[in-house]
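Take the sequences, apply the hints, and build the full model.
There are 2 protein chains.
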Amino acid sequence: MINPETNQDTSLIHRAAEYTPPRSIRHLLVGRPLQTADAPHETIGKAVGLAVFASDALSSNAYATQEILVILAAAGTVAFGYVFPISIVIVVLLAIVVISYEQIIHAYPNGGGAYIVAYDNFGRFPALMAGAALLTDYILTVSVSVSSGVAQIISAYPQLFEYRVAISVACVAFITLVNLRGVRESGIAFAIPSYFFIFIMFLTISTGLFRTFTGDLARVVNPPPIEHFGEAIPTVTTFLLLHAFSSGTAALTGVEAISNGITAFKEPRSRNAAITLIWMAFILAFLFLGISFLAREIQAVPSEAETVISQLARTVFGGQGVLYLLVIIATTVILILAANTAFAGFPRLGAMLASDGFLPRQLTFRGSRLVYSYGIVSLGALASILIIVFQASVTRLIPLYAIGVFLSFTLAQSGMARRWWRSGRLKGQPQQSSTSMLHYDPRWAIKMISNGVGALCTGIVMFVFAITKFRDGAWIVLILTPLLIGMFLWIKRHYSLLASRLSLENYGEPPPYDTRHRVIVPISNVHQGTLAALRYARMLSDDVTAVHISMEPDDTEKVRKKWETWGRGTRLVIVDSPYRLFLEPLLDYIKDILSVRQPNETITIVVPHFVPEHKIHNALHMQTAEMLRRELLSTPGVVITEVPYQVP
Amino acid sequence: MINPETNQDTSLIHRAAEYTPPRSIRHLLVGRPLQTADAPHETIGKAVGLAVFASDALSSNAYATQEILVILAAAGTVAFGYVFPISIVIVVLLAIVVISYEQIIHAYPNGGGAYIVAYDNFGRFPALMAGAALLTDYILTVSVSVSSGVAQIISAYPQLFEYRVAISVACVAFITLVNLRGVRESGIAFAIPSYFFIFIMFLTISTGLFRTFTGDLARVVNPPPIEHFGEAIPTVTTFLLLHAFSSGTAALTGVEAISNGITAFKEPRSRNAAITLIWMAFILAFLFLGISFLAREIQAVPSEAETVISQLARTVFGGQGVLYLLVIIATTVILILAANTAFAGFPRLGAMLASDGFLPRQLTFRGSRLVYSYGIVSLGALASILIIVFQASVTRLIPLYAIGVFLSFTLAQSGMARRWWRSGRLKGQPQQSSTSMLHYDPRWAIKMISNGVGALCTGIVMFVFAITKFRDGAWIVLILTPLLIGMFLWIKRHYSLLASRLSLENYGEPPPYDTRHRVIVPISNVHQGTLAALRYARMLSDDVTAVHISMEPDDTEKVRKKWETWGRGTRLVIVDSPYRLFLEPLLDYIKDILSVRQPNETITIVVPHFVPEHKIHNALHMQTAEMLRRELLSTPGVVITEVPYQVP
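So the protein sequences, as listed, match chains A and B.
Be aware that the first sequence starts at 1, since it is given in this note's numbering, and climbs by one per residue.
Be aware that the second sequence starts at 1001, since it is given in this note's numbering, and climbs by one per residue.
Simulated from the structure, these hints should not be mistaken for lab results.
Owing to the predicted nature of the structure, the values given are computational and were not obtained by experimental measurement.
Some clues are possibly wrong.
Calculated lysine-lysine pairs in the DSSO-like style (CA-CA distance at most 27 Å, straight line) [what the hints assert, rightly or not]:
1. B:K1591 / A:K615
2. A:K492 / B:K1558
3. B:K1562 / A:K561
4. B:K1266 / A:K591
5. B:K1266 / A:K492
6. B:K1562 / A:K492
7. B:K1562 / B:K1427
8. B:K1492 / A:K558
9. A:K266 / A:K591
Rendered as structure tokens:
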């Protein structure tokens, strides 16, 4: 057979039909928006895109204002007035970050997460920093969002307060299960709750503003007990303001989601994604400023017992009526959705790191249900542990959260700045087409400045964050990130070493095929399963020996009798084991045989293996093959084979 | 070859040399006293036997008196006076139980635990009740002994109080590790601490008694805060006394140990064991009465902060000097030893239940280090859970403890009563030699009455216990025991069903050997490991197909090129998988082949498997064989073989 491509005889090599996943898996690709990159013919428009990618960013409104207040509370209620100015500074920061990401979207139309941008412009180490930061943040997104969602529920039903940790863990377990079982959401499943949240929050804020300007809006009735974080201080200090600002930057988390998922958009995708990003930024800014402004007006207080959102809703709508409940429900649902997006992003990033050799290779098979499950279960487990350790307190989780986000912002934007610098140096050179499509851009200087300012601002925020929140828990992240990077490098090293050792470069002539083959069948009894194993063994080789470890003379006598009938001429060796040991004498026998084997002789141990109807019954049977494998794994030339016997 | 025994030609069947465990395992048998039954030539005398078997029983002195006081405290300190009369009643009960066990020792010279005696005389169900009760009690022995041991340490070092749970769990972990790692104790390792405990307690009690009668013994100086259990009541009620009595019966736990281990004694072993039992009973009675008497004299109070033993020692020796510390150390050590004996008894009982088919069969290989480990780890884990749940409080653990002990006492003794009754009916019949050696005993009536009284008393105690302690936690045991019995029966049912299904009774003629054999080798790359798997596959059959799942066209091109060089004529099929799935297309291909296979065709899937230098690297490789096995286990005629390739 002549291969038309290579014009070579390759009759040995056949190409089978392309594998198309059945409906259920195709559906997965449609439903899981962040994976639609794999199937570019299924794209979404701006309206759905906003719903899909904005849940993470918008949901941070549920806690950002409150976290500013918690810190300010250390200086007494008088400090609460600073919440609005701080929020304005954060919105300015948001604008800077969004302008930077808008440039990333145009420069990386195939998706430009911090990991890719850092790798492309700085190389391995900064990319791994971004990777570590992002992985940590996916976990924290789940913990923080779910804890905040449960805090909303508790605001409406205070009697649930003492069960908050249990409810939060149950929520994470539920999201994990949904993701494992494969109930897939379509764009519409995101669109309804996202737009409903936007609508109800607009309604709340508009009503609140209207009532403020008509002088009709009162203070919070029966405010919950004020909670503050850290020691009380007599006066408002710069440190306190910076500290509060750091907490408020949680509002920016999730802004990068669109730049990761550009390929999900309809063409012209960069343009559509950029427009969606700007919409999202305006909505986010309006909601955040509105909530902060009104929180000050109604003199909302930070509390574990009732969220600021709840205080706001019941004050604006004058009681805990239907509208109040709708605000609580919408907020909870969008927080749960935000947690859910992390379950798509985590395995996706894992696959990127894995295909570069920094995480176990098997994670690259990202569609594979089995492998995918590991990622989902680990994410759920780690998020649950954080929730338990930090008692489902958003305030205690926040110090761990935003530092990673800002590290990745800084890396992405300084990467972009470097990119524009390099682009500027290409002036006059012919346009080249590389994977990152770097070419001369006449506006390189302004773009470099814009990304540079972004990098500088986010970098400063990161340092402010690390310093002000060091003792609150940021130190954990500062320890964890280098550890993760170390792990990535360790894994990479293992793969490189292994590849060089397995290489066929200097392998020479392989050993011949015609080797001797000896087969050993350990049997404890003679029954249908034994005979199936024996039949298989006889197919492999003519040199078959059955071995019986004799612990009870009576049993052995039965085996001996049955063998005369059913052994069909196969040699049986009986090893007496008066000490009632099983594995040890068997290994001893095998090692005796190994000690006299000839060169090029392979020994296969064929073990009968029941397949019981129910998996739980496995615990009732010796996993002989498993035990032998553990003992003999490092012995060359020994293969252990289980012959499954399905009990009829 | 002619077998001299059967005078039959059995040249097919060879008997290999008996397996003698190497020195390390022999040492295990010597060192682990409760296992010496397996090696009857290594026996112990009465003095060592007392040390070995008495630690469990004697150690209960560390808490029995205190547990009586805790209950009495509900009626105020005036009720403490009842501690001595209650102790006398308990010692009478001890006498009755010991007389009963003395008869068991003579009737069952091969070891007569409650399980064996109940099985022999009543049959399956009562035996399982005893089995369930004993397993629970082994776990509780560990929890209670360790918690009490830690309570002694805390008495001397009160600043450790808040770490008591952590210290207790660490102790259990330590004992578990010691048992896992195989640091084996000889008889002497038991003898020193046991006799030291007996000596130091004799010294304490004698000094105390002497000082009492010289009118020199004062009350406890600075007694700790009194702790009581349950609601305070105005006066001493019968219920309270029975409740206190129930708690005090904890003193009897461990008395049955000698009857389980008779075979460890030198001949005449029944006589030696019986004498040892009686010695032990006298020592136990003296220590218990002495402690209870002196506790009343010095007006010791029950407390979590300081044990009664500690109060006694510092009062008798006038301060926390060297003698005081020696008492604390001796008590702690004997409690730890008592916990350690459970680690030998638990797997031993498990083996008995397993060989009757009520627990997983693999537990019968009791010498096997691997299997043995499961039992040790489960025991350690369960005991730790109890310690955590009950906050290392002996008082809260005790209600779960003694009910099982008394259930097994009752079953063993009523079994013996029934045995004497049957023995009496054999009068005049020829003596028969069965396994249990039941024959006419002229003194059957008196023996029956003695065991009957024992059964009645322990039965009544059990009911008193269940009623007075129901709400304190005994209900847990009353639920757990039937669940355990249900599990035993469920396991038995599985084995019986399986045996009948696998039976060769009506199997007819087995299928012929000469079946077709098709081999599939999934490869992701071409390297030395792939070639090893291919070599093995070619040895199994001539019909070998390699399959490559193509996820990256570039990689596939490399595979194709290498295959032309290294494939040596073996067919390669390439399956394109644009969705980056791996397992699904492979399974799909295998199922295609299965759908066209011929009758009697077996399909073997040979998977290359790296054996990395360090086990941890396994996580970095696809466990392809494991995944295929999981998916194809229930498909008849498919065998999955891993060919290990040791990376050089």
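Requested in this report: Hints the structure violates: just list their numbers, smallest first.
Outcome: Numbers 3, 4, 5, 7, 9, in rising order.
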